[in-house]
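Asker: Listed below, chain by chain, are the residues.
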Amino acid sequence: MKKLAVAAVLSVSVAAPSVADETANLVLNGETQITVRADAPAHVDGLSEIISGWVFRSDETQALQMDDFDNPGMIFVDEARDTWNEASGEAGESCASCHGEPESMAGVRPVYPKWNEEAGEVRTLAMQINDCRETRMEAEPWGYTSGAMANMEALISSVSRGMTINVAIDGPVAATYAAGEELYYTRTGQLELSCASCHEQNYGNYIRADHLSQGHINGFPVYRLKNAKLNTVHARFKGCVRDTRAETFSPGSPEFVALELYVASRGNGLSVEGPSVRN
Amino acid sequence: MAENVKPRVRVPGTASAGEVITIKTLISHTMESGQRKDDDGNTIPRSIINRFVVDFNGENVIDVQLEPAISTNPFFEFQATVPESGTFNFTWYDDDGSVYTEAKDITVS
Numbered sequence: 010m011k012k013l014a015v016a017a018v019l020s021v022s023v024a025a026p027s028v029a030d031e032t033a034n035l036v037l038n039g040e041t042q043i044t045v046r047a048d049a050p051a052h053v054d055g056l057s058e059i060i061s062g063w064v065f066r067s068d069e070t071q072a073l074q075m076d077d078f079d080n081p082g083m084i085f086v087d088e089a090r091d092t093w094n095e096a097s098g099e100a101g102e103s104c105a106s107c108h109g110e111p112e113s114m115a116g117v118r119p120v121y122p123k124w125n126e127e128a129g130e131v132r133t134l135a136m137q138i139n140d141c142r143e144t145r146m147e148a149e150p151w152g153y154t155s156g157a158m159a160n161m162e163a164l165i166s167s168v169s170r171g172m173t174i175n176v177a178i179d180g181p182v183a184a185t186y187a188a189g190e191e192l193y194y195t196r197t198g199q200l201e202l203s204c205a206s207c208h209e210q211n212y213g214n215y216i217r218a219d220h221l222s223q224g225h226i227n228g229f230p231v232y233r234l235k236n237a238k239l240n241t242v243h244a245r246f247k248g249c250v251r252d253t254r255a256e257t258f259s260p261g262s263p264e265f266v267a268l269e270l271y272v273a274s275r276g277n278g279l280s281v282e283g284p285s286v287r288n
Numbered sequence: 449m450a451e452n453v454k455p456r457v458r459v460p461g462t463a464s465a466g467e468v469i470t471i472k473t474l475i476s477h478t479m480e481s482g483q484r485k486d487d488d489g490n491t492i493p494r495s496i497i498n499r500f501v502v503d504f505n506g507e508n509v510i511d512v513q514l515e516p517a518i519s520t521n522p523f524f525e526f527q528a529t530v531p532e533s534g535t536f537n538f539t540w541y542d543d544d545g546s547v548y549t550e551a552k553d554i555t556v557s
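Going down the list, the protein sequences come from chains A and R.
Following the numbering used here, the numbering of the first sequence begins with 10 at its first residue and continues without gaps.
Following the numbering used here, the numbering of the second sequence begins with 449 at its first residue and continues without gaps.
Calculated directly from the structure, the hints in this document are not laboratory data.
Since the structure is predicted, the reported quantities are computational estimates derived from the model, not experimental observations.
Just so you know, even glycine gets a beta-carbon here, dropped at the ideal spot from N, CA and C.
Incorrect hints may have been included.
As the list claims (entries may be wrong) - Keeping only pairs whose Cα atoms sit at most 25 Å apart, straight-line, the calculated PhoX-like set for lysine-lysine is: (1) R:K552 with A:K238; (2) A:K247 with A:K123; (3) R:K454 with R:K552; (4) R:K552 with A:K235; (5) A:K247 with R:K552.
Said to hold, decoys possible - Listing some non-contacts, in silico: residues in chain R with all C-beta distances to chain A over 10 Å: (6) N452; (7) S476; (8) E550.
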């Protein structure tokens, strides 16, 4: 007689605001070390220590990111893996035609946004992906914050997890960096809040029910429990600016590109985490 | 026909006899409840995984009936005691008649 004891657990997590363990360390799949605390880069005056948004989340949310099987963002990485190998557009090329395996993209995510010498502009990862689609593949560009774009960004990010964010702020990007910094400290909307109001001066505090992080973007694209999908940096920016009751810039606009460069550089020293899990 | 349906299963490769192991399963599925309407006001038809069954060497382990309130990409985690080496068979039944299967071997030493 076979003995087969079974306990099926359908866990329904209740969103009780539990206090995050602020000393926890993040290791992915028991092997990839993630830096969640580091000294602030020299160019960031308002912070002494930079802390990943993962630290501010509840234990349950933190745990979801520690194992790829539990991380719902990895479903979308898998989808992007299929897309990676699919030919699309007039040229009949796929991502794989030029780049081979997605793992060849390791090291890309930590340095974006960055200067593109040929085009003479600062490019985000999304802009670069769409340039590939239009120029090389002769395919329709993806919407800047679309699902397909978020998935591909997640795939490219996932192969760089554990690498240290290192976004250049000098040389040809200096003007963009300055514009981004300006935007970061500019109060907008009826509530007259700047990015710094929450994420520099009040991180660790609650704004109503939300535990404010430092607003680093090393974990993007982010799987959010509130909408059960991957969220892109510019969609998040838009949401934040909207919450100050301001008219927002458009995703992909020069303003948001500059802001992305600046905010990314504030996280220089943290690890790439995307796709991360947040609430 | 639901799109992008992909079952995923994690079972340890080895176990000692009588050990309690943790099994995790996930199937990517939209789990359309049948309660929502599209932009034109038409009801989006229900399309969910309605049953999930796990067998071990022909013996039933769990048999779950899923309802429309279960959210997208249903994830199940459960424990089982394995008495001997064998194969876990996982089966998901879709509203549209599709059946998705996955199998994992486990060696008991």
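Asker: Any of the earlier hints contradicted here, and which numbers?
Answerer: 1, 4, 5, 6, 7
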